[in-house]
Structures are given as structure tokens and as C-alpha cells.
Amino acid sequence: MRILILALALSSLGGCAMWMPKPDPNQAWIDLAPHGETELVAVAVDDKPLDDSRYFQVEPGSHQLGMRYRFEVGPADVGRDSEALARDCRLTLSYDSFDAGARYRLVAGGYGFRPWAKLYDQHDRMLAKATERGCGGVATR
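Mapping of the sequence shown onto mature numbering (1 follows the signal peptide of the UniProt record, and there is no 0): residues -17 to -1, 1 to 124, in sequence order.
One thing to keep in mind: the hints can contain errors.
[To be verified] Label pairs and their computed distance ranges (CB to CB):
| id | residue 1 | residue 2 | range |
| --- | --- | --- | --- |
| 1 | 44 | 120 | 30 to 38 Å |
| 2 | 6 | 108 | 18 to 26 Å |
| 3 | 106 | 2 | 24 to 32 Å |
[What the hints assert, rightly or not] Here are the simulated BS3-like cross-link-like pairs (lysine-lysine), alpha carbons at most 27 Å apart as the crow flies:
| id | residue 1 | residue 2 |
| --- | --- | --- |
| 4 | 31 | 5 |
| 5 | 31 | 101 |
| 6 | 31 | 112 |
To be clear, the hints were calculated from the coordinates, so they are not data collected in a lab.
Computed from a predicted structure; not experimentally measured.
Idealized CB from N, CA, C, for every residue including glycine.
Using the sequences and the hints given, assemble the complete structure.
Here it is in C-alpha cells:
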């Protein structure tokens, strides 16, 4: 019985870390949507580091979003008889018209060795494209 109670308590603690905060209606909320089995994390807004890397929440207006995108380059894109190559990339995206209470979606993916990220509004209209700021291999995941 003690083991069951302990297991339930520990599993509930892990679930708390997964909960997202409620969006502030006075700010814009940007969801992160990595493409496939990749990792997209929020790093900074206007060059200021973030405490939570799962989303962006910004005041209305103009902002620059900094993100980190990890993905694998498939063996076909690396070279004959090669293994997949892990990439760790920094990207920035600038957008001038974030609206209070609006929901946005930041989608990221890769073409060969190059990463990409695009910002969409709640009507699936593309608003902006990110710029790559540098990539390297991933030593450990």
C-alpha cells in the first residue's frame, strides 16, 4: 500500500511540470510546434533569457524571438554509408504586430542541414520566417 501511495505521489509531481500556465489575455501567446521528432525551445525575447522554454508570451507590439532547434539530418543528406547527424541550431524571428490575447504558432523543421521556422496566426496565415543564427553538432542530447 505504501508503494502505491508513493508511486501516485511521485507521478503527480511529474505531471505538474507538464502543465502550461494560463495565457495572459493582455499578452500574445506563441505555441511551439516542432516538426516530426525534433526539439524546439524558447530561449529569449528581445535578447532577454526566458525562465520557461515551452512557449513565448509577449506584450503587444514588435518583438524578436530567440529559439533553439535540434533535429537530425538523415543519412541520405549526409553522404553515402553515413549515419544520421544531429544538429543544434539557433534561430531568431522578428515580428512587428503581436496582438494582445492572440494565439500564434511557431513551427520549425529542417531541409537537409538547414533549419527553418515560421510564425502562423490563429487562422493559419504565415506571418514571418526565422533567420538562422548558427548551427553545430550535438555532443549529447
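Hints that the structure is at odds with (numbers, increasing): none
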